[in-house]
Amino acid sequence: MVNNMADPAVLRAAGLRKEYGRGEGLVRAVDGVDLEVDPGETVAVMGPSGCGKSTLLHLLGGLDRPSAGQLWLAGRRIDQIGEKALAQIRRHAVGFVFQAFHLMEELTAAENVELPALLAGRSPRAARRRAVELLDQVGLADRAQFLPPALSGGQRQRVAIARALSNQPTVVLADEPTGNLDSAATLDVLRLLETLHQTGQTLVIVTHDARIAATADRLITMRDGGFTDQTRLTGGTTGHLSALAGLDD
Amino acid sequence: MGQTRLIARLALRDLRRRPVEAALLLLAIMAATTTLTLGLFLREAGSDPFQSTREATAGPDVIASTGPNDGTPADLASLEALTDAPGVIDHSGPYPMIGAELEASGGTAGVWAQGRDPLAASIDQPKLTQGSWVRDGGVVVEAGLADALGVGEEDQITVNGRSFHVVGVAVTAAATPYPDVCYATCWFGAWEPDQDQPLPPSDESESQPVGAPDDIVTFGPPVGDTGLVWLTEADVSDLAPAADALSYIVNLRLTDPAEAPTFVGTHGSIRGPALATWQDILDMHTNVVQDQQLALLSGSWLVGSLAVASIAVLAGGRMADQTRRVGLLKAVGGTPRLVAAVLLAEYVVVALLATAAGLAAGWLAAPLLTDGGASLVGSAGAPSLTMSRVGVVTAVALGVAVVATFVPAIRAARTSTVHALADSARPPRRGAWLIAISAQLPVPLLLAIRMAGRRPRRVVLGVVSIAITVSGIVAVLAARAQLAASVGTDELHAANRVLLVITVMLVALAAVNAIFITWATALDARHSLALARALGATPREVSAGLSAAQVLPAFTGAVLGIPGGIGLYMAVVPDEAPIPQLWWLLAVVAGTVLVVAVLTAIPARLGARRPVAEILQSELV
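Here the protein sequences come in this chain order: A and W. Okay, so the first sequence: first residue is 1 according to the numbering used here, each after it adds one. Okay, so the second sequence: first residue is 1 according to the numbering used here, each after it adds one.
Next comes chain A alone, as it looks inside the complex (with noise of 0.2 Å):
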């Protein structure tokens, strides 16, 4: 294990490969990608279906194990460890948006919210004064004890933003977060995504939606598993969100 506390970069991958099957049936999903991530940036990355922008942020997150190359996290390399250690980074260094959600049907918001610090140790009372902090900041503070059968999209996705944040993750990653909603929701997640731009924190989000990717301060286009092209966008277009994506009120 190699930590390196000098490492400017929250996320660093040099030469990250991820392969499956064997011969003729090889696929390579991402190939030779090398990527560095600082502090308080955001980064989009698209591509079409199926170029391995999923498996990337999977790696990314520790999800999932790349076949070669090199990963860093939070300054420390992560390509080599345990599942238990990886765990224990996904835990405290990584927030996951998905694009499906992925609450859990049987669990209040505030529940779904709350489980992240709960598996993370902290106290049930912590754990929860932190859920319905994070509820009011996504502005679902009075749907705290809904089941997400009971919340639209929109809501749904604004929860597992929320806990995604529940224990002040070094990087977020968002997988199509917007993937599922319709326009209104849509414009809700653009919006909160933009304040957590605000506020500094660092964010991965893959997507197809344009709207998004023009809201990051560096935009990674991706086919067949590699970087095709990487832009800087000036400074992204923070305070001009909505009448960028033309999703004004």
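Keep in mind the hints are simulated off the structure, nothing from the lab. Hints are not guaranteed to be accurate.
[What the hints assert, rightly or not] Derived CB-CB ranges, DEER-like: (1) W:P427 to A:K84: 29 to 35 Å; (2) A:H208 to W:S416: 56 to 62 Å; (3) W:V598 to A:P48: 48 to 54 Å; (4) A:A184 to W:A331: 31 to 37 Å; (5) A:G21 to W:A331: 25 to 31 Å.
[Said to hold, decoys possible] Covered, in the sense of this in silico footprint (three residues per stretch, anywhere, with C-beta under 8 Å from a C-beta of chain W), are these stretches of chain A: (6) 17-24; (7) 77-87; (8) 91-97; (9) 100-114; (10) 117-124.
Ideal placement from N, C-alpha and C gives every residue a C-beta, glycine not left out.
Since the structure of chain A is provided, determine the placement of chain W on it from the hints.
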């Protein structure tokens, strides 16, 4: 016809797709059918060694005996008169007998010492399993007694204080088995008192054999467990304090052996010789088998109940796994009835195979369970597979399969096609108070309680499964303790074999159940567990949670199983109430929890190590 073929084809394809599950299912139903088959076969299997012994020893059809009564010598004339009775074609005896006490290095026993001619008799010539036949100063010991006392050829024993050399060991079909050898003091089922000859008033009936007039019993061996030895007639006469102290026995051959009960009914009387038919002797030999049969039939119900639990869990688990398949069947035009029929057909096919396998296993194993003991020669042959037995076993297997799969099959048939195609998981139950309590607990228990709370019916099934198993084990242990204190070595060995079969079946099925339930829980909770891992739970916490989700119900089941087992034992044997020791009960509970923890460790570990990204991605497909 076309639809039947389609159902059969789909059912068989699905079974082939998951061979391990099909094999476990087969094993679960087969355990129930084998135990039931053994129970049904046992009595017949028990009679075979007796028939072999009867043939090998030229066993009598009726045994008549008489002894001195209240100072009056034995009525030898009435005994001899029976040899000329209509229907009697041959006889041996009368032979003198005396009740005596036998002492050997292995212990003491009451015996009937029977005086025999050194030459072979035409009826009841005991078959030697060791040594040679009687001679002066030489005793032949009945094999069951010899086995119990550990004596054999060349040993020295004393009978009523007089030393004898053991010259042989033999078996006979003319006496009930050790330790219940009984002649004129016993009254057998075939004989019933004549209405015209009422029994004399009784004031000591407690001390007499059932049905015996109390003033008749005045002779017999002096101590409890009673066996049989053969000496020369001269030696028996020497053992008697006086000539009129001797009892006598005669063995009769009838024209039709099956008519022996009728003969006894015609010639039996309260004051006359005691008569026993070969069927009475057979009944005494098969008493042991009857107990085994009762234990096996009770055990087969327990094993059958566990099989229902196994199949219910497996069917539920498979259903969760094949929701999309159900959706596809419906999307291409399958009616709800077709979907239900396919699912039921799978289990019916397995049940039929399990019936065949269970019948075969029971048929082969029944003779091994009833080798007849030392008192009989030969082992039981294979019992016959009658239509009624095959029918009962098939009906039970099909019943088990249909009862366990009916609800999941109907549920699948009613699932909306769109939901099924989307592979929507059955929504979990929410137990608000369980969720609140679990928040206070360490991560593995938090996960375990929430997992259990999602599927309360599965938890109930787990509790019931363990409760049934522990009930069975407690009842078996109580029966073993009771038997050890009350029966002879042969019976104990025979009973232990049967109890071992039941225990093995129960434990094997409970183990299969524990693995099924863990697997089904891991499958059902795969999404929430993957999510918990994505949120930071370690694989160890997840696998400990999965194990704990089984161990908590197992503990409850084990605690409930103890009164259940005592109740079960009392239901089968109402007159005896075993009171187990506290440490013994604690050991059963602790052992059950430990075994379940070990059994669930592997499926829990596998469940906890499924790739997180893959599972979460699959939910999007």
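Q: State the violated hints by number, sorted upward, taking the hints as numbered earlier in the document.
A: 2 and 6
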